[in-house]
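Undergrad: Since chain H is already given, all that's left is putting chain W on it; use the hints.
Chains as they are written, first to last, in my numbering: chain H, 83 to 211; chain W, 3 to 234.
These are calculated hints, taken from the structure and not from any lab test.
Quick caveat, the model's predicted, so the values are computed rather than measured.
You may find that some hints are simply not true.
What the hints assert, rightly or not - If we take Cβ atoms under 10 angstroms as the criterion, some of the chain H residues that face chain W in the derived model are:
1. 102
2. 113
3. 131
4. 133
5. 154
6. 155
7. 157
8. 158
9. 184
10. 187
11. 188
What the hints assert, rightly or not - Label-pair distances were calculated between CB atoms; the ranges are:
12. 114(H) to 147(W): 44 to 54 angstroms
13. 196(H) to 35(W): 17 to 27 angstroms
14. 171(H) to 183(W): 50 to 60 angstroms
15. 168(H) to 59(W): 27 to 37 angstroms
16. 171(H) to 115(W): 16 to 26 angstroms
17. 189(H) to 145(W): 25 to 35 angstroms
18. 197(H) to 36(W): 23 to 33 angstroms
Said to hold, decoys possible - Okay, derived cross-link-like pairs now, SDA-like style, lysine to any residue, Cα gap no bigger than 25 angstroms in a straight line:
19. 164(H) to 148(W)
20. 164(H) to 92(W)
21. 164(H) to 93(W)
22. 164(H) to 114(W)
23. 164(H) to 210(H)
24. 164(H) to 151(H)
25. 164(H) to 92(H)
26. 164(H) to 131(H)
27. 164(H) to 112(W)
28. 164(H) to 77(W)
29. 164(H) to 57(W)
30. 164(H) to 145(H)
31. 164(H) to 91(W)
32. 164(H) to 209(H)
33. 164(H) to 120(W)
Glycine is no exception: its CB is placed at the ideal position from the N, C-alpha and C atoms.
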Amino acid sequence: MGCGRVGSTVAGRLDADGHDVTIIDLDTQAFRRLPGSFGGERLRGSGIDDRTLVAAGVREADAFIALTQGDNRNLMASQMAKHLFNVETVVTRVYDPLRAELYGRLGLRTFSPTRISADLAIDALLGRS
Amino acid sequence: MYIIIIGAGNVGYGLALELYSHADYEILLVENDRGRAEMLRDELGELCVHGDGTEVTFLESIGVSRADVVIAVTGDDSHNLIACQVAQHSFGVSRTIARVNNPRNERLFQTLGIESTVSAASAVLAQIEADLPAQSFIPLLRLRASGLEVVDLHVQPRSRAADVALRDLDLPDDAVISLVVSGDQSRVPDGDTVLQAGDEIIAVIGQESEPAMRELVRSPDEPQREIDEVLQ
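So here's chain H without its partners, still in its complex pose (with noise of 0.2 angstroms):
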């Protein structure tokens, strides 16, 4: 769910890795970051209807990745996608460290940019590989 610079990438490399890929995002536009080879489904809607979900296949999926921009939207198709879905893997880009640290608790598997970028600006500042 959502098709930008890291969905776009994470899309292109499960699916050259041979994995069933479908990628949402509201703005047909946004599928032109895909690579040319990329050989998924694209699909348009959002990722917080559950109709757009189950179009996507949801019920099939093994896993579920929310990359939007936006923390909340994420969160929600995230446990939609666990707790009304049953997907076993779901893994959810959250920007706001403290929000990430909360779902993290609450069952999903989240991880924060802001923190991990915090982390290497620090490392790199201090001289740390």
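TA: Relative to the frame of chain H, chain W by itself:
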């Protein structure tokens, strides 16, 4: 009582004004849009603050942990859901109320433990259902914690419930008929009570049993329909 309202659109603003007139309530209205928040501050003073009601640090700064109720009424369901969850899980607020803009999200909110949800679309639909003359099934009250609901049923002519003693009626296990109203007479039924077409029944049923109960009182001529179908 400290009440935090997240979202100062028409719903949140109206709600804040309404609650503000109660002397016992301390109200705080949270608005994410800076321009809107500033405009409201000119009118309401410190009653309104600018901030993101889903952000942990901001919620901490407005003392959400001592709030008795958090009400999230923005136009964005994901915002309302996360605001309530953060208030509950990070700050131990026990009462959260969320506005559900898309009625299809009600089930998700309930699954995720939001205590109360308010959906304008569902309320209007229930009203329409109640007003339809041939309507045989009217939900009166949902008891969320127990999964039960109180419903008003009208026994239709030639329905499966008509002219049958209650003990011979194939009621779902979690359904209890509390009251039978015939004309201006009402009585608490027993197994011998025979339902007549035109009787009105007040029953307490499990939410799952709704379709079965509708079926029992439905006239064979009345088409089957569900709120969900209307919403599609």
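Undergrad: Determine for every hint whether it applies to the structure shown.
TA: Structure-based check of all given hints:
| no. | hint | result |
| --- | --- | --- |
| 1 | 102 | violated (26 angstroms) |
| 2 | 113 | violated (23 angstroms) |
| 3 | 131 | holds (7 angstroms) |
| 4 | 133 | holds (8 angstroms) |
| 5 | 154 | holds (4 angstroms) |
| 6 | 155 | holds (5 angstroms) |
| 7 | 157 | holds (6 angstroms) |
| 8 | 158 | holds (4 angstroms) |
| 9 | 184 | holds (6 angstroms) |
| 10 | 187 | holds (8 angstroms) |
| 11 | 188 | holds (7 angstroms) |
| 12 | 114(H) to 147(W): 44 to 54 angstroms | holds (49 angstroms) |
| 13 | 196(H) to 35(W): 17 to 27 angstroms | holds (23 angstroms) |
| 14 | 171(H) to 183(W): 50 to 60 angstroms | holds (54 angstroms) |
| 15 | 168(H) to 59(W): 27 to 37 angstroms | holds (33 angstroms) |
| 16 | 171(H) to 115(W): 16 to 26 angstroms | holds (22 angstroms) |
| 17 | 189(H) to 145(W): 25 to 35 angstroms | holds (27 angstroms) |
| 18 | 197(H) to 36(W): 23 to 33 angstroms | holds (26 angstroms) |
| 19 | 164(H) to 148(W) | holds (24 angstroms) |
| 20 | 164(H) to 92(W) | holds (21 angstroms) |
| 21 | 164(H) to 93(W) | holds (24 angstroms) |
| 22 | 164(H) to 114(W) | holds (11 angstroms) |
| 23 | 164(H) to 210(H) | violated (38 angstroms) |
| 24 | 164(H) to 151(H) | holds (20 angstroms) |
| 25 | 164(H) to 92(H) | holds (20 angstroms) |
| 26 | 164(H) to 131(H) | holds (14 angstroms) |
| 27 | 164(H) to 112(W) | holds (14 angstroms) |
| 28 | 164(H) to 77(W) | holds (24 angstroms) |
| 29 | 164(H) to 57(W) | holds (23 angstroms) |
| 30 | 164(H) to 145(H) | holds (9 angstroms) |
| 31 | 164(H) to 91(W) | holds (18 angstroms) |
| 32 | 164(H) to 209(H) | violated (40 angstroms) |
| 33 | 164(H) to 120(W) | holds (23 angstroms) |
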